Amino acid sequence: MTYPDPDDPAHPARPSVRPFLQSGPLAAGGYRPAPQDEQPPAPEQSAALRPFVITSGRTNGADPDIGMETQVTVTPGAGPVRLSPEMRAIVGLCFEPVSVAEISARLRLHLGVTRILVGDLRAAGQLDVHVLDNETPDPETIMRVIRGLRAIT
Amino acid sequence: MDYEQSPDRVVGTAAVGSGGPPKKAPVPVKIIVAGGFGVGKTTTVGAISEISPLTTEAEMTSAAVGIDNPGLGSTKTTTTIAMDFGVLTIDQTLKLYIFGTPGQTRFAFMWDDLIKGALGALVVVDTNRIDDCYPAVDYFERAGLPFVVGVNTFNGQMSYSLDEVRWALAIREDVPVLAFDARFRGSVRDALLVVLDQALDKAVRQKSSYS
Ligand SMILES: Nc1nc2c(ncn2[C@@H]2O[C@H](COP(=O)(O)OP(=O)(O)OP(=O)(O)O)[C@@H](O)[C@H]2O)c(=O)[nH]1
Ligand SMILES: [Mg+2]
Numbered sequence: 001m002t003y004p005d006p007d008d009p010a011h012p013a014r015p016s017v018r019p020f021l022q023s024g025p026l027a028a029g030g031y032r033p034a035p036q037d038e039q040p041p042a043p044e045q046s047a048a049l050r051p052f053v054i055t056s057g058r059t060n061g062a063d064p065d066i067g068m069e070t071q072v073t074v075t076p077g078a079g080p081v082r083l084s085p086e087m088r089a090i091v092g093l094c095f096e097p098v099s100v101a102e103i104s105a106r107l108r109l110h111l112g113v114t115r116i117l118v119g120d121l122r123a124a125g126q127l128d129v130h131v132l133d134n135e136t137p138d139p140e141t142i143m144r145v146i147r148g149l150r151a152i153t
Numbered sequence: 001m002d003y004e005q006s007p008d009r010v011v012g013t014a015a016v017g018s019g020g021p022p023k024k025a026p027v028p029v030k031i032i033v034a035g036g037f038g039v040g041k042t043t044t045v046g047a048i049s050e051i052s053p054l055t056t057e058a059e060m061t062s063a064a065v066g067i068d069n070p071g072l073g074s075t076k077t078t079t080t081i082a083m084d085f086g087v088l089t090i091d092q093t094l095k096l097y098i099f100g101t102p103g104q105t106r107f108a109f110m111w112d113d114l115i116k117g118a119l120g121a122l123v124v125v126d127t128n129r130i131d132d133c134y135p136a137v138d139y140f141e142r143a144g145l146p147f148v149v150g151v152n153t154f155n156g157q158m159s160y161s162l163d164e165v166r167w168a169l170a171i172r173e174d175v176p177v178l179a180f181d182a183r184f185r186g187s188v189r190d191a192l193l194v195v196l197d198q199a200l201d202k203a204v205r206q207k208s209s210y211s
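Sequences listed follow chains A and B, in order. Each residue of the first sequence is one higher than the one before, starting from 1 at the first, in UniProt numbering. Each residue of the second sequence is one higher than the one before, starting from 1 at the first, in UniProt numbering.
The set of hints was computed from the structure by calculation and includes no laboratory data. Errors might be hidden in some of the hints.
Covered stretches of chain A (chain B as the covering partner; in silico rule of three or more C-beta atoms under 8 Å from a C-beta of chain B) [claimed, not checked]: (1) 68–81; (2) 95–106.
Derived coverage of chain A by chain B (criterion: at least 3 residues anywhere in the stretch with Cβ under 8 Å from a Cβ of chain B; other residues may be distant) [stated by the list, open to error]: (3) 123–136; (4) 139–146.
Source: prediction; values computed, not measured. Even for Gly, the Cβ is constructed at its ideal location relative to N, Cα and C.
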């Protein structure tokens, strides 16, 4: 498979176009045409190292560990790599801890696309994705939320 | 291709950028605010959030009625829905996210993602259209997520009493039904505190069943 090169002058990347449109057949332009069968990729494929591409039509298969509230930060000392405009924009938001939902909202990127790109950036060693050890919060954490909420006016 | 090797084409590095090392990430927790169209979900989120609500678009897959074959060829429709959310910083290490989500259709995987790790849910009800919240109530019951029914009073006007709402929804005794006003922070806070009470009960029960 070949992927669009964001820096290829013949096919310039279009950061203003939402990637889910960009990856669709209408916006395919000179790119690889969208596959006709809508088979979602196998799970292990989505976690593979693909740092240089937009989601290429993938709408399914985001890492289930990456939730909407999951916190994301830039990996300290990450090496320089070539990134798509969308990915560059994501990395640019993550110098402070930020949630996946906030990334999606601020960049007006579809939530599913954001989750996939964040997963790809993690695989490429660019982002730290802070996945929680225990899925459901413990009583102590809930107590802290209760105390914090009681304190607001 | 040659040009891919030339260093001046290397762009978008994460290593450059403002400020020193990233701060330690806070632990996020979340509460879901669900209900039918126009019941006051966004108003609820906005009343409690420290930022004005942000919106994100997500896929919602609804399985066609009567078809339970999950394999290839099963009839599923995918709709893009707008979900709004707000944030409340509890302290440097803990953040509460409040997600407002429509729930008037049959939903599938989007909601499974949404409620994963959630503390609980507030189901917002308008007494003029009580049945709009059935799918959300059904879903949370089946998912085992603690939830509370919050009747949005819309200026103190309620067509039915809380007991009548409870009866109409046929929910378990231990599910709280309360009245609140989505426009007021204090009122939303109190409703969320009841959700958190339910969440705490469940967490304590789970913990003691392990030890
Ligand atoms: N008077 C009064 N109006 C309310 C109250 N809650 C919400 N509204 C109004 O009802 C309308 C719908 O409220 P929203 O918060 O947008 O409802 P929603 O559930 O987010 O609606 P959708 O996202 O469209 O499903 C808005 O015009 C609100 O201003 C309330 O408690 N009292
Ligand atoms: Mg709304």
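To see whether the hints hold, each was checked on the structure:
1. Counting residues of the stretch 68–81 of chain A whose beta carbon lies closer than 8 Å to any beta carbon of chain B gives 14, which reaches the threshold of three, so the coverage claim holds.
2. Given as covered by chain B, the stretch 95–106 of chain A passes the check, having 9 residues with a CB less than 8 Å from a CB of that chain where 3 are the minimum.
3. Counting residues of the stretch 123–136 of chain A whose C-beta sits closer than 8 Å to any C-beta of chain B gives 7, which meets the bar of three, so the coverage hint holds.
4. Only residues whose beta carbon comes within less than 8 Å of a beta carbon in chain B count, and the stretch 139–146 of chain A has 7; three or more means the coverage holds.
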